[in-house]
Amino acid sequence: MAINNLKNEDNPALQNLRFDYLDHLESESIHIFREVAGQFERPALLFSGGKDSIVLVHLALKAFRPGKFPFPLLHIDTGHNFQEALDFRDEFASSIGEKLIVRKVADTIKEKKLTELKGKFASRNALQTFTLLDTIEEFKFDACIGGARRDEEKARAKERIFSVRDEFGQWDPKLQRPELWNTYNGRIHKGENVRVFPISNWTELDIWNYISRNNIELPSIYFAHEREVLEYEGQLVATSEFVQIDESDKVSVKKVRYRTVGDMTCTAAVASNAANVEDIIKEIIATKTSERGETRIDDKVSEAAMEDRKKGGYF
Amino acid sequence: MDILRFITAGSVDDGKSTLIGRLLYDSKSIMIDQLEAIEKQSRNKEDGEIDLALLTDGLRAEREQGITIDVAYKYFNTPKRKFIIADAPGHIQYTRNMVTGASNADLAIILVDARHGVVEQTRRHSIIASLLNIPHIVVAINKMDLVNNSEDVYNNIVIDYAKAAATLGLKNIKYIPISAINGDNIVEKSERFPWYEGNSLLDILETVEVSSDINYTDARFPVQYVIRPQSEELHDYRGYAGKIISGIYKIGDKVTIQPSGLETTISNIEIEGRQVEQAFAPQSVVLHIKDDMDLSRGDLIVHTDAQPNVANEFEVLLCWMGNKPLEAGNKYLFQINSRVVKAVVKEIAYKLNVNSLEKEDAPEKAVLNDIVKATIKTASPIVFDSYKKLRVNGGAILIDETSNVTVGACMIQA
Chain A
112 MAINNLKNED NPALQNLRFD YLDHLESESI HIFREVAGQF ERPALLFSGG
162 KDSIVLVHLA LKAFRPGKFP FPLLHIDTGH NFQEALDFRD EFASSIGEKL
212 IVRKVADTIK EKKLTELKGK FASRNALQTF TLLDTIEEFK FDACIGGARR
262 DEEKARAKER IFSVRDEFGQ WDPKLQRPEL WNTYNGRIHK GENVRVFPIS
312 NWTELDIWNY ISRNNIELPS IYFAHEREVL EYEGQLVATS EFVQIDESDK
362 VSVKKVRYRT VGDMTCTAAV ASNAANVEDI IKEIIATKTS ERGETRIDDK
412 VSEAAMEDRK KGGYF
Chain F
45 MDILRFITAG SVDDGKSTLI GRLLYDSKSI MIDQLEAIEK QSRNKEDGEI
95 DLALLTDGLR AEREQGITID VAYKYFNTPK RKFIIADAPG HIQYTRNMVT
145 GASNADLAII LVDARHGVVE QTRRHSIIAS LLNIPHIVVA INKMDLVNNS
195 EDVYNNIVID YAKAAATLGL KNIKYIPISA INGDNIVEKS ERFPWYEGNS
245 LLDILETVEV SSDINYTDAR FPVQYVIRPQ SEELHDYRGY AGKIISGIYK
295 IGDKVTIQPS GLETTISNIE IEGRQVEQAF APQSVVLHIK DDMDLSRGDL
345 IVHTDAQPNV ANEFEVLLCW MGNKPLEAGN KYLFQINSRV VKAVVKEIAY
395 KLNVNSLEKE DAPEKAVLND IVKATIKTAS PIVFDSYKKL RVNGGAILID
445 ETSNVTVGAC MIQA
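Order-wise, the sequence lines are chains A and F. For the first sequence, our numbering gives the first residue as 112, with consecutive numbering after it. For the second sequence, our numbering gives the first residue as 45, with consecutive numbering after it.
So here's chain F without its partners, still in its complex pose (with noise of 0.2 Å):
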């Protein structure tokens, strides 16, 4: 059994509340004094019939207007896997917490309503999969019964989407025809569609390959923390503790320490204060080298023979998540993994319309949900790979130093 963390990405009008529900209702994951709670509140509705939506909005303000403001986090559990959903409002004021959301998924439900196909809604939450390059898509043609199930109406949505898809050069898209308020092909494949030869969504979602989402080549271990005890029975004891973001390390691994660019060898691998002969990506543990070296928070341990980037100045893919605007020329925090380095934005090349993905103009300035192509400037290195190439090692956050505030989130572009 592994996890599966994956994003919803789609508005309430398509159902995507509704899809939530009847997942965790239909896979027995609704307790009954949650199921009650609902019930009440849907008595309060006009309609009278059980709102699923409800489980999903937490806070009052939400149940109010009907809305999500922000990302929800949900769980359930099948025999085969253990799901954690980022449930994040689609609406385009919200493109922030979809990239929030979509940050750490590694697989995308994107709805489209049957009745509409591919809309601009459906392309935008696309460009922010392939941007924050979320590994799997599921294209999920929702509310199939208001179309008579019909086989046509499926697949020019599915054309559709695929000339879109192309390019964005998103990968491993799987299609399926849902109708999540009926519950078909949600949990059990439904007979509604005969001529649908794929499985149910869940079954997908049971069965898609996450572990070779993990890069084992290329090596990266973030210092967090040095553990010294200073004991007498451990006076010389010095461990680096961190995660294993990517790769694998092995006791007598030839290792780099950047930024500094010093060499040594990995002297003792421990998990749990265990001595193991290898780690890999992404356990928990704690490195020795075999040099005395000044090694701290925020410094990375490499293998000498896969080498990140090391530089001061790079572009990003920036999404703007502050209320306060980004002009170039601002300076900030930039944070990646536990290195925290002061920096500055330097330039503005172009604005990514997110509907179109066509290249704008750059603005003066970058207002809350803008995604902008910039230049950063940072007062010392920072280590860091291609996003593309490596997530775990090429996503980073500006924070506002006056208001301590996150207010960007970077993809870098190497």
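One chain only, chain A, in its complex shape (with noise of 0.2 Å):
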């Protein structure tokens, strides 16, 4: 025992047992990854291709190759996404050879008949609910991994890794399961799925500086690009065919990027000169504004919107 309390540079046999954040992050992620291999029949993982989804399939190679998956990837796709977004799941899941899953919202908005949203940025954030709902039920899934992390809401720092929902898909936050050291309780009764977080810690540097660290590769709208946008409230909005354009609307080509990947509808880009990955971590450093409240037009709705969304079944 003696050997613990000696300090890592003191002991010559410990002298390369170097682990820094990123290496703890990476570690404790795959340890999730590898529980929910463990704990459930018929996992998923949602993909999006968007930075934090990718990031998971990484983590997720590291965690089961040289075997393959024991889930498929899935996507939820709204039909307002990014075709940069859209082309490089496609590319990556097949470049890995993973199964990949797609479900179309417009296809429930068809079958179920259900009412879209108007307006200036009619969104189907909303909808989507019904979709991966449907799909959870189609393919059974018991756990559905996803990217969201803790930093991103204040609603999302309360919620366990393993998350379990109603076969509503409901979050109470009031009857968590407490979670404690690194024993992950995911028994659940039938009809009812697990939610699993595996990125919960990390925050967009963490995301950023592992990208870089491991060259992992993104979609082109990550990086400085000239787009035509609309200005709204102070925010940059990619003029396209689901945003109703008027005729007060100031519309311009500016050089922008993209820090988070969502719907078109409700995902504003950032002006930036940033072209690559080390660019955009200075400006991350430098920036004043949270990721969400930077790009995300659906959350300032209320203080507690993501908290809503949550208990009605939302990621």
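Since the hints were made in silico from the structure, they are not lab data. Ideal Cβ positions, reconstructed from N, Cα and C, are used throughout, including at glycine. Where hints are given, some of them may not hold.
Stated by the list, open to error - Residues on chain F that point at chain A, a partial pick, calculated with CB under 8 Å: (1) Gly-286; (2) Glu-316; (3) Val-320; (4) Ala-453.
Unchecked claim - To be clear about the criterion: a stretch of chain A counts as covered by chain F if any three or more of its residues have a C-beta under 8 Å from a C-beta of chain F, and this derived list gives those stretches: (5) 135–143; (6) 201–208; (7) 305–318; (8) 352–359; (9) 378–385.
Using the hints, put the two standalone chains together into the complex.
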């Protein structure tokens, strides 16, 4: 036991046991992935082609290679996604030889005669929960792995790594299971499912540092490019067929990049010249606005917007 | 750069949320939009001052009632470290939340109101920190501005606390006078306490040595998942995936599979598909063994010359977290790392008074937030170390088999 009281640098045998903070985060996430594989029969990994889910897939590669993933990749496609992210999604899934399932919100709208929102930024964000729940039922998924991080939002800061949802996908923050040590209780009743968040403890900066260290490729929209945008309440929204453009709108071509990639209707771009990962890391360190605050149009609605969506089955 | 996980223990009245808000704010981890959001909310309150506590209260019910219900996790970085704060409520009815937050913590900040000194709640928080074996304690004596930054007041509290700590066996205690609301001694060392020779709180958090808390002598590897590609080129590949929770493994090491007791040798170690000569805690790796053995999730690969305990009956300190009470004779599932077995709570020996550490007569039923000493018997043997010696292989949970809820936290007392 004496060795325990020594500092690493005092003991020659321990000198190459260097393990920095990204190594810690990576190992924790791999551990969570393997717990999912060990505890569930039919998991799925939610993969959108966004940076957080790309990092998730890279962590899964580290957790399971040379074996195959014990789960398919799943994308709930709202139909409002950026083409660059969709192309990346397909190419990446095929390059690693893993199965990708895509289910479309447009099909759910047609089948279930759902009512779409109208208006300037008519978002399908709320409707995608219907498609997700249908898909969970279709494939009998018992665990859905997602790339949510606790630093993104206050309600997320309180969610467990293994978050149990009832058969309606609802989150009850007051009935969460205590999560102790590195022991994850994924036991559920039939019909329930668990949302698992392996990168809960990562921040936006951690994600970028990890992308940099591992030379992870990303869709081009994360890097500065010229794009036609309209300015709306201080945010830059890409013009597209999904956004209603009024005569009074100020439309111009600007050099922008995306800090987060969601639907074209609810994700704003940021003015930026950052052309590579190192530039982006500098920009994030210098920034004064949070990732969601800068880029999510849907969170500003109310203080509890995220909490309410999660209670309703949202990721 | 590494990671420090810490818990803050105290109530709203001690200025806990203000302290966290201050750490985030002064380390520039709060963004403008988040600040605007809390400014807007603060305006809805009467005094109109920015309420830094609003940063940590994530749920609507918490904001409405001005209380913290659940453990919230907060993150900030300095050039020296990444910090993960588990912000747990301090009231007695939330003992289970503090236990949860403390289970992973490298350090606990125990907040003491300088006007009130060491009170029942301080003792309770310190007892929980000691039961959960948190390696480092920082006693932050807050609201020093309200006692005229008095050295005497500070010294008396330090003497009182040291007495209480001695009976608890707490180690590595540091004391610091602060004023969270004014930011004194939080990020920068304050000039208001010329008599204080230590560093600022952030400085302490940045420099406390945590890598030496890892046990590198007792090698433990719980198997989480077996990788078997069964492809043509990897026909015979069989790798044991898991995280080394303690110790170091090298190719050629003599190991024992527990609980079966079979002996073999480490034939290969892989990280990301690359072969490495050695791997160490807390790395996630794939181990291969020389002999063809029946080995699956829940088994442990340990060094033959540093064996854990293998038993199906043992004593635990048990923090009860269920809404339904615990009675001797109740059956549950017992989960330690990746191993899950059926178990019965055979006997409750006594109840621990979390405010005084006194042993009280065993209650007929243990209820939510009770901490009791109990004997557990499992249907098949489990592989464990004493919690005091090896936290990562001595902590376990009890699960109610009918509701699937986690109802108990066990610290094994071997």
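Problem set entry | Violations among the numbered hints | Hints 3, 6, 8, 9 contradicted; others consistent.
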